[in-house]
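Trainee: So the sequences go chain by chain: A, B and C. According to this note's numbering, the stretch in the first sequence is residues 1 to 315, in order. According to this note's numbering, the stretch in the second sequence is residues 316 to 628, in order. According to this note's numbering, the stretch in the third sequence is residues 629 to 886, in order.
Any given hint could turn out to be false.
Stated by the list, open to error - 25 Å max Cα-Cα, derived DSS-like pairs, lysine-lysine:
1) B:Lys-501 - B:Lys-434
2) C:Lys-886 - B:Lys-335
3) C:Lys-821 - A:Lys-209
Calculated directly from the structure, the hints in this document are not laboratory data. All of these numbers come straight from a predicted model, not from anything done at the bench.
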Amino acid sequence: MTASKRVTVISSGLLILFLLGSVLTLGRVDRLRTGSSLQDVLYITSPQTVKRLSLGYHGLMADIYWTRAVQYFGGQHAAGLEQFKLLGPLLDITTYLDPHLVVAYEFGANFLAPKPPNGAGQPDLAVSLVERGIRANPDAWRLYYNLGFIYYFEMRDYAKAAQAFERGSHVPGAHPFLKLLAANMAQHAGDIQMARMLWITTYESSRDKDIRRNAAAHLRALKVDEEVAALEKMVNDYRQRTGSAPTSFAQLISAGMLRGIPVDPTGKPYQLMSGGRIEVANPDDIPFIVNGTPPGYKPPTKVDEKKLDAALPRQ
Amino acid sequence: MSAIEILGLEKTYSIGFWRKRPKRALRPLHLTVEQGEIFGFLGPNGAGKTTTLKMLMGLVFPSGGSARILGMDMNDPRVKAQIGFLPEHPYFYDYLTARELLEYYGQLSGMPRKECRSKVEAVLRQVGLPDVSGLQLRKFSKGMLQRVGIAQAILHDPKVVFLDEPMSGLDPMGRREVRDLIQQLKNEGKTIFFSTHILSDAEALCDRVAIINLGELRGVGKVAELTANMHGKVELIWRGAAVPASIRALDAEAYVSGGTCRAVIKEEQQDRAIDALRRDGLPLVSLTPVRATLEDYFMQQLKPAEAPVEVTA
Amino acid sequence: MNNRIACIAANTFREAVRDRVLYNLIAFALLLTGAAVLVGQISIEIEKLVVINLGLTAVSLFGAVIAIFVGIGLVSKEIEKRTLYTVLSRPVRRWEFIVGKFFGLAGTLVVNTVFMAIGVFLALLYVAHRWQKPDGWVLVALYFIVLQFLIMTALALLFSSFSSPLMSAVFAFALFVIGSFAEDLRGFAAMAKGVTHWLASGAAYLIPNLSALNVISSVAHGEAVAGRLILYNTLYALLYTAMALSGAVLIFQHRNLK
Numbered sequence: 001m002t003a004s005k006r007v008t009v010i011s012s013g014l015l016i017l018f019l020l021g022s023v024l025t026l027g028r029v030d031r032l033r034t035g036s037s038l039q040d041v042l043y044i045t046s047p048q049t050v051k052r053l054s055l056g057y058h059g060l061m062a063d064i065y066w067t068r069a070v071q072y073f074g075g076q077h078a079a080g081l082e083q084f085k086l087l088g089p090l091l092d093i094t095t096y097l098d099p100h101l102v103v104a105y106e107f108g109a110n111f112l113a114p115k116p117p118n119g120a121g122q123p124d125l126a127v128s129l130v131e132r133g134i135r136a137n138p139d140a141w142r143l144y145y146n147l148g149f150i151y152y153f154e155m156r157d158y159a160k161a162a163q164a165f166e167r168g169s170h171v172p173g174a175h176p177f178l179k180l181l182a183a184n185m186a187q188h189a190g191d192i193q194m195a196r197m198l199w200i201t202t203y204e205s206s207r208d209k210d211i212r213r214n215a216a217a218h219l220r221a222l223k224v225d226e227e228v229a230a231l232e233k234m235v236n237d238y239r240q241r242t243g244s245a246p247t248s249f250a251q252l253i254s255a256g257m258l259r260g261i262p263v264d265p266t267g268k269p270y271q272l273m274s275g276g277r278i279e280v281a282n283p284d285d286i287p288f289i290v291n292g293t294p295p296g297y298k299p300p301t302k303v304d305e306k307k308l309d310a311a312l313p314r315q
Numbered sequence: 316m317s318a319i320e321i322l323g324l325e326k327t328y329s330i331g332f333w334r335k336r337p338k339r340a341l342r343p344l345h346l347t348v349e350q351g352e353i354f355g356f357l358g359p360n361g362a363g364k365t366t367t368l369k370m371l372m373g374l375v376f377p378s379g380g381s382a383r384i385l386g387m388d389m390n391d392p393r394v395k396a397q398i399g400f401l402p403e404h405p406y407f408y409d410y411l412t413a414r415e416l417l418e419y420y421g422q423l424s425g426m427p428r429k430e431c432r433s434k435v436e437a438v439l440r441q442v443g444l445p446d447v448s449g450l451q452l453r454k455f456s457k458g459m460l461q462r463v464g465i466a467q468a469i470l471h472d473p474k475v476v477f478l479d480e481p482m483s484g485l486d487p488m489g490r491r492e493v494r495d496l497i498q499q500l501k502n503e504g505k506t507i508f509f510s511t512h513i514l515s516d517a518e519a520l521c522d523r524v525a526i527i528n529l530g531e532l533r534g535v536g537k538v539a540e541l542t543a544n545m546h547g548k549v550e551l552i553w554r555g556a557a558v559p560a561s562i563r564a565l566d567a568e569a570y571v572s573g574g575t576c577r578a579v580i581k582e583e584q585q586d587r588a589i590d591a592l593r594r595d596g597l598p599l600v601s602l603t604p605v606r607a608t609l610e611d612y613f614m615q616q617l618k619p620a621e622a623p624v625e626v627t628a
Numbered sequence: 629m630n631n632r633i634a635c636i637a638a639n640t641f642r643e644a645v646r647d648r649v650l651y652n653l654i655a656f657a658l659l660l661t662g663a664a665v666l667v668g669q670i671s672i673e674i675e676k677l678v679v680i681n682l683g684l685t686a687v688s689l690f691g692a693v694i695a696i697f698v699g700i701g702l703v704s705k706e707i708e709k710r711t712l713y714t715v716l717s718r719p720v721r722r723w724e725f726i727v728g729k730f731f732g733l734a735g736t737l738v739v740n741t742v743f744m745a746i747g748v749f750l751a752l753l754y755v756a757h758r759w760q761k762p763d764g765w766v767l768v769a770l771y772f773i774v775l776q777f778l779i780m781t782a783l784a785l786l787f788s789s790f791s792s793p794l795m796s797a798v799f800a801f802a803l804f805v806i807g808s809f810a811e812d813l814r815g816f817a818a819m820a821k822g823v824t825h826w827l828a829s830g831a832a833y834l835i836p837n838l839s840a841l842n843v844i845s846s847v848a849h850g851e852a853v854a855g856r857l858i859l860y861n862t863l864y865a866l867l868y869t870a871m872a873l874s875g876a877v878l879i880f881q882h883r884n885l886k
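So here's chain A without its partners, still in its complex pose (with noise of 0.2 Å):
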């Protein structure tokens, strides 16, 4: 083999040898650096430093501002923590890069509202925030849908609820829930009715994936809490009926009240407890449920990922 053969050979296959082990590195270096980077997203934490340190552009500034909110979120949510306190400031600056990302405000309403370890806990911020969307997007309607849903689920001012639907009904576009909502909230606050139109609300406008899972696994605790409701309603006609209390479900399905033993969404049976009470089997399983949880039960502060995606539907 020539010299100049001899030197292609080696360089071409070194290459490839430095190539791979590059790549590998790397893959070691970023786990060791999950935790450390996000104090580097927001060393600077001025909005307006951040939007001339971008020179001009904004757009791609947001982008990736957005993308860390979205990565820190995530990561922060598998972690537990119960503190987001960088979500509220990244959001911050993304919609002051770019006022027109909707999905920023959507995501602040869903997930700054909520209290830990479902949210970051501060609905004022995330009202502020929407507010903010609405003014730089009039005719996107889902931004009032979020201000509703956030003074109606966190906040429970269901008047403030009533006057956000109200408005974004008026947008061209609007889910005809919105109208509905509107009407139905000085008569149904409160309802079971009003949270299961709120949450298909925003399961059918939202394309974030993160918003759909939440909205779903929700839709499910309803459907788990209406369940147990009405099994309890249940247990108690038959002890009206009968004079005592059932004690399991067969009695149940002889009286003909049930066709079968009922199941959770999960697929396990419900359990039917001395002194009528109704329980799921596995409340971890299934998170937001109020009805059916053990007395003195506490919900895990750790809200598992593979349980809310278990409340999707199949594809």
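The hints should help you fit chains B and C onto chain A, whose structure is shown.
Mentor: Using the frame of chain A, we list chains B and C on its own:
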């Protein structure tokens, strides 16, 4: 063992971005140069001279053919230690001094450091730059740079020296000095292969020449033999103010200046011309054979219609 | 072989040192560090923060500029000025030339960084009046910056081995900017689906991950740098540099020097 054997070296470039058109820079070239010769590689600009040299140096990869230098393949690294190269319009690291440059080159050629020092001084003197070793190259004139170029080519005492247009940009004195230097190198037993388009230099220096045009070899041989092949002419000078009609009829070039006439006629016609002068009573001043110059031969070879002349190789 | 590489490296170093552009850049960087001292006097607590952040960023940016500009000239300039021809007509292998050039420029950058680092430490001493233990981590940050330089130099050399100085500059700068946002690129890739996901992930791993080598802000807050991170970052930088150099050697080996 020949100094240089070029065995069918050729180079074709692809020009253009989408539809690649081939451009033949050099057709297969066959040439041999013996040791101790001064060999001239002649041709107009763009003929393929520099391409050939670059292929021999390994700077450009041939499309076909090969070459041997001192019996070894041209790509053999051992060859590089025995040859020196001066590129056309050389330019050197202008932030270095002449001494630093030559020491750098010397070390790259494998000379031990101590030997480097003394050789650098010696070679600078040899090329006629004795006092400039401390001066930065950016301050050198064109002629001085050319000489530094030759210095780096001969620093490591190579057996074969390749020079690409060594006289370019030099004034007549500089050209003379370089010519003397080349002759000196020959006296040291080196083989010189140089390319040029200045024919008078080649004529004065070379043992043999090759003429190349449009990538094709048009003629190789000793200078004297190449020119001797051309039909000679004679120059006739006589005193008078007129050119006899009979001489004009010979289709000769005639010039009149002052009281003297001058005509260049073919050798065979000289008797007829002398008779014509005698008849007209014009006194003959001189009759001198005019040797064809290399230039004449060159211009003739450049005519594309004619087949190249094959003389002794 | 080693002698020739060392020779070329030394010559490259000499060229860089005598090139006056270098001095201007260093002076500018030092000035910037001085400015940091002034700026930091806004608040006593953040004085040190600003000095370290601004100083190290200046070192990093200016060093990158030098690495790119000089690195690009390394091969292109030699061809343009035909100095390369006289080098390669000697018993110098083409790959030795590339490697020698690399070491020459790398050496220049290290020396450069040392001088600029002295400036930063002096500024630090001035504002804090004494050195504290966390300042040691600034050295680690500087070490990482040097690793960044090695990568940029190798890349500049790679581009320089086959394209013109202008295009090489464009490519090198583009990679510098993208490489600084490498982690975000990986974030994008993670969010994408299908073909885009694979393409973006591929790109994210091929570009030089300069963001991984940037610990300036954490060091400014006095945080320690994990030993394992130092180890793996070193390994990554060396592997990536070696890869770029292999590419440069490969390309240069087959280039016709017209």
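Trainee: Among all the numbered hints in the text so far, which are the ones the structure does not match?
Mentor: Violated hints: none; all satisfied.
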